Amino acid sequence: MQIQADLMGTPVVRPVDIETTALGAAYALYFFLKMLEKTDVPTKEDNIVYKEILKNLCEA
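At position 15 of the sequence shown the residue is numbered 15 (the UniProt record's numbering), and the sequence of numbers has no breaks.
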């Protein structure tokens, strides 16, 4: 991650909770059981914006 941060010119931020893998697995289970809304899933319109940002970063 440090190499990516150096290339992008941003600092590496470590999470306070080091058990993020377990947290991700728990979120996946909640999504599967339909107990949690998918609020952070990008829409088709958002995906276009993300592609433009990534395209500009890759050209820099």
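These are computed hints drawn from the structure, not numbers from a lab.
Because the structure is a prediction, the values reported are computed rather than measured.
Where is the CB? At the ideal position from N, CA and C, for every residue including glycine.
Some hints could be false.
Pair ranges (Cβ atoms, derived) [stated by the list, open to error]: (1) Gly24 with Gln4: 13 to 21 Å; (2) Gln2 with Gly24: 18 to 26 Å; (3) Ala25 with Met1: 18 to 26 Å; (4) Met35 with Gln2: 31 to 39 Å; (5) Leu7 with Phe32: 20 to 28 Å; (6) Phe32 with Ala5: 26 to 34 Å; (7) Tyr27 with Ala5: 22 to 30 Å; (8) Ala28 with Met1: 21 to 29 Å; (9) Asp6 with Leu33: 24 to 32 Å.
Evaluated hints:
1. Checking the proposed 13 to 21 Å range against Gly24 and Gln4 shows it holds: the Cβ atoms sit about 19 Å from each other.
2. Remark: the range hint 18 to 26 Å for Gln2 to Gly24 is upheld by a beta-carbon distance near 22 Å.
3. The hinted window of 18 to 26 Å between Ala25 and Met1 holds, with their beta carbons roughly 20 Å apart.
4. Separation of Met35 from Gln2 is about 36 Å and conforms to the stated range, judged on CB atoms against 31 to 39 Å.
5. The beta-carbon spacing between Leu7 and Phe32, approximately 35 Å, falls outside the hinted interval of 20 to 28 Å.
6. Here the CB-CB span from Phe32 to Ala5 is close to 32 Å, well matched to the stated 26 to 34 Å.
7. As the Cβ distance of Tyr27 to Ala5 is approximately 25 Å, the hint placing it in 22 to 30 Å holds.
8. With their beta carbons about 22 Å apart, Ala28 and Met1 fall inside the hinted range of 21 to 29 Å.
9. For the pair Asp6 and Leu33, the supplied restraint of 24 to 32 Å is violated, since their beta-carbon distance comes to about 40 Å.
The earlier numbered hints that this structure contradicts are 5, 9.
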